[in-house]
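Colleague: The lines below spell out each chain.
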Amino acid sequence: MPHPLLTLVLALGLWLAPLAASQAAGPSVPLPQYDWQFKGLGGQWDKAQILRGWQVATQVCLQCHGLQYVRPRDLMGLGFTEAQVEALATQAGVDLGQPLKTALSDEDMKATYGMVVPDLSVMALARPDGVNYLKALLLGYTDAPADFTGTNYNKYFPGHNIAMPNPLSDGQITYADGSPETVTQYSADVAAFLAWAADPHHVTRQNVGTYVLIFISLMVVLTYVTMKAIWRDVKGK
Amino acid sequence: MAKKTAPRARSTPRPTTAAKPIFQHLHVDGKTTADYQSLGQGVLGWFDQRLPLISTLKHATTDYPAPRNLNYFWNFGSLALFALVLQIVTGLFLAMYYKPDVALAFGSIQTIMRDVNWGWLIRCLHMVGASFFFMVVYIHIARGLYYGSYKSPREILWGMGVIILLLMMATAFMGYVLPWGQMSYWGAKVITNLFSAVPFIGPDLVIWMLGGYNVNDATLTRFFAIHFVLPFVIVGIVGLHLIALHQVKSNNPVGIDLTKQADYIPFHPYYTIKDVFGLMVYLLPFLAVVFFAPYALGHPDNYIPADALKTPPHIVPEWYFLPFYAILRSITFDIGIPFTSAIIFDAKLLGVAAMGGSILILLLLPWLDNSPVRSARFRPLYRSLLMVWFANVFFLGYIGMLPADAANPIAALLGQVVPATLLDGVAKAAEWLINYGSLGLVNIKELTFSGLLTLGSTAFYFAFFLALPLINRFERRVRLPNSI
Numbered sequence: 001m002p003h004p005l006l007t008l009v010l011a012l013g014l015w016l017a018p019l020a021a022s023q024a025a026g027p028s029v030p031l032p033q034y035d036w037q038f039k040g041l042g043g044q045w046d047k048a049q050i051l052r053g054w055q056v057a058t059q060v061c062l063q064c065h066g067l068q069y070v071r072p073r074d075l076m077g078l079g080f081t082e083a084q085v086e087a088l089a090t091q092a093g094v095d096l097g098q099p100l101k102t103a104l105s106d107e108d109m110k111a112t113y114g115m116v117v118p119d120l121s122v123m124a125l126a127r128p129d130g131v132n133y134l135k136a137l138l139l140g141y142t143d144a145p146a147d148f149t150g151t152n153y154n155k156y157f158p159g160h161n162i163a164m165p166n167p168l169s170d171g172q173i174t175y176a177d178g179s180p181e182t183v184t185q186y187s188a189d190v191a192a193f194l195a196w197a198a199d200p201h202h203v204t205r206q207n208v209g210t211y212v213l214i215f216i217s218l219m220v221v222l223t224y225v226t227m228k229a230i231w232r233d234v235k236g237k
Numbered sequence: 001m002a003k004k005t006a007p008r009a010r011s012t013p014r015p016t017t018a019a020k021p022i023f024q025h026l027h028v029d030g031k032t033t034a035d036y037q038s039l040g041q042g043v044l045g046w047f048d049q050r051l052p053l054i055s056t057l058k059h060a061t062t063d064y065p066a067p068r069n070l071n072y073f074w075n076f077g078s079l080a081l082f083a084l085v086l087q088i089v090t091g092l093f094l095a096m097y098y099k100p101d102v103a104l105a106f107g108s109i110q111t112i113m114r115d116v117n118w119g120w121l122i123r124c125l126h127m128v129g130a131s132f133f134f135m136v137v138y139i140h141i142a143r144g145l146y147y148g149s150y151k152s153p154r155e156i157l158w159g160m161g162v163i164i165l166l167l168m169m170a171t172a173f174m175g176y177v178l179p180w181g182q183m184s185y186w187g188a189k190v191i192t193n194l195f196s197a198v199p200f201i202g203p204d205l206v207i208w209m210l211g212g213y214n215v216n217d218a219t220l221t222r223f224f225a226i227h228f229v230l231p232f233v234i235v236g237i238v239g240l241h242l243i244a245l246h247q248v249k250s251n252n253p254v255g256i257d258l259t260k261q262a263d264y265i266p267f268h269p270y271y272t273i274k275d276v277f278g279l280m281v282y283l284l285p286f287l288a289v290v291f292f293a294p295y296a297l298g299h300p301d302n303y304i305p306a307d308a309l310k311t312p313p314h315i316v317p318e319w320y321f322l323p324f325y326a327i328l329r330s331i332t333f334d335i336g337i338p339f340t341s342a343i344i345f346d347a348k349l350l351g352v353a354a355m356g357g358s359i360l361i362l363l364l365l366p367w368l369d370n371s372p373v374r375s376a377r378f379r380p381l382y383r384s385l386l387m388v389w390f391a392n393v394f395f396l397g398y399i400g401m402l403p404a405d406a407a408n409p410i411a412a413l414l415g416q417v418v419p420a421t422l423l424d425g426v427a428k429a430a431e432w433l434i435n436y437g438s439l440g441l442v443n444i445k446e447l448t449f450s451g452l453l454t455l456g457s458t459a460f461y462f463a464f465f466l467a468l469p470l471i472n473r474f475e476r477r478v479r480l481p482n483s484i
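In order, the protein sequences belong to chains A and B. Residue numbering for the first sequence follows the working numbering, starting at 1 and increasing by one per position. Residue numbering for the second sequence follows the working numbering, starting at 1 and increasing by one per position.
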């Protein structure tokens, strides 16, 4: 007589088979998987990269996109001092404790792009595989196929027709730390910045989680041993 | 109470006069207050005679007899209770910062996630906790189905459980609206719109529920209020669920009534420690998701603020509603008067009825299944069919996840080996059979092979329950053991 657990696993398998079959087909343009320092166990924010991303975001993105849930002061959560952040804010022409708002009004946005430009605060969470998507999108302004009729062609944008023109070009932003001033670097940096902006406690969460899981694993062992000791005298077990 | 002739069993030094019959009804196991006077004449005894807190606790733990052969599937009851309490506690703290206002709701979640001390933890526990609560409850229900825990004398216990499930679904649905993202808004719109299928009063009912002609600020505020209060209603029903459990005692994997005193062990310490161990094992995957993938079970679209003018390309409910969502969408036929084209029930109403019925039929299960044997261990046919039924529920869930116009995955797989014309032919033949076979009672239009298979899954979901009397007639039962 098969164990109920086994049969449950079988039932799961029956369900997962078509799922796996359909997943194999996958989306039309699969996203490239880039390396991110904050991902995985023991991941950490790349402070230098986020700082470069802040530069891209404030110098380029902020012209049209807002980041209304992000304030410059939040950078202090990464370990920057108030003086450092104050300097950054002054440089970017924004207020230390004020949300990052775009200069463009909703009406201007509609006139230029035919839509209200989306806020970027949680953009990295608002798209599947957000951080990889954002970097891929910024690198996705490839030559349009001959039959393309939209505004701007982007390889990774759903439907490929994106209202945003290619915002980045090589040498557009000057980095102080000697990093390459290329679109590849800019897009990685700004995607890392947006990943931090969308989920600023990501690294803390994973660090705390590691200790919590170690503690719970210990508790599993302790409670198991206790259970066995208590149950020792029960017959038929 | 016909107690007037019975002499007092033993005289207490300080007889309590009218207290006895009043307290008597609290002890649902038929014990009298005197049975609880074992705490003695001290302060505890004095207190317990006036408010039987300690004896009730004792009754539910050290004095509660549990079968000694319960397996780990019996852990999911206490896990569900833990999940419920966690939702209430985290929810209370979230409510201190959440703003049920269409202009502020989305931002207040961001405040919780960014600025409130440990707010991210509380919210991740709450949103992942909802998913895990359903996982636990679904396994708890599957346990009941497998081991026949719904059968006499546990019909009311089971029924209370089904009501808890319905309340949980309502609570979860309204909770998902609160972040006021795109899925919140459009999910609320789709689900509340279902009520417009109610005959005669439907459209007015929807306006009354929404507090307007569309999902709006009033809707969000009332959903918050209801989302806050329903969990406490659930706590009440859980109380009844537990009182019923303590009255009829736990079922067990063998499914037979226990006869020997030796088959019972006290709940405490044996099952308290087993439940604590089970809780720790449960916390591992739960907290792993909370800390390492809290967004994995949600939908990215819900991080886009609600926009009434922009329909998401693919509106999909949370995973725990998917099988029922698939049942709703699988009904594409009307029911009319035979020999005419008049429609009595349209497809929308039938879909809603099927979705509601898919849960409510569980209430009838104790009476549909007339087999005297409880555990599926001794019911080979029932066990096989139940496993297919479980697989079918998963499969329906998978279909519910697909866009409405997507092909049934099995039909898609078949389409790779079987010519499309053959599948279309089968669908056409089925359509013809249904329409003419029912003499126009059922009107189905443009049935595809995909649609036919999905309809078949829904049909099997219900047929399993309705065919139980038949199954029991043909089942060759395995002989039951005399004891566990």
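Note that these hints are calculated values from the structure, not bench results. There could be a bad hint or two in this list.
As the list claims (entries may be wrong) - Within a straight-line C-alpha distance of at most 25 Å, the following computed DMTMM-like cross-link-like pairs (lysine to aspartate or glutamate) qualify:
# : chain 1 : residue 1 : chain 2 : residue 2
1 : A       : Lys228    : B       : Asp115
2 : B       : Lys249    : A       : Asp233
3 : B       : Lys58     : A       : Asp46
4 : A       : Lys47     : B       : Asp63
5 : B       : Lys189    : B       : Asp204
In this text the structure is predicted, and so the values were computed from the model without any measurement.
Colleague: Taking only the CA atoms, is the gap from lysine 47/A to aspartate 63/B under or equal to 25 Å?
Modeller: violated, 60 Å
Colleague: Checking one constraint from the list: CA of lysine 189/B to CA of aspartate 204/B, max 25 Å. Satisfied?
Modeller: holds, 15 Å
Colleague: For lysine 228/A and aspartate 115/B, compute the direct alpha-carbon distance and say whether it is at most 25 Å.
Modeller: violated, 44 Å
Colleague: Holds or violated: are the alpha carbons of lysine 249/B and aspartate 233/A at most 25 Å from each other?
Modeller: holds, 23 Å
Colleague: Does the structure keep lysine 58/B and aspartate 46/A at a Cα separation of 25 Å or less?
Modeller: Distance of about 56 Å is beyond 25 Å: violated.
Checked against the numbered hints above, the structure breaks hints 1, 3 and 4 and satisfies the rest.
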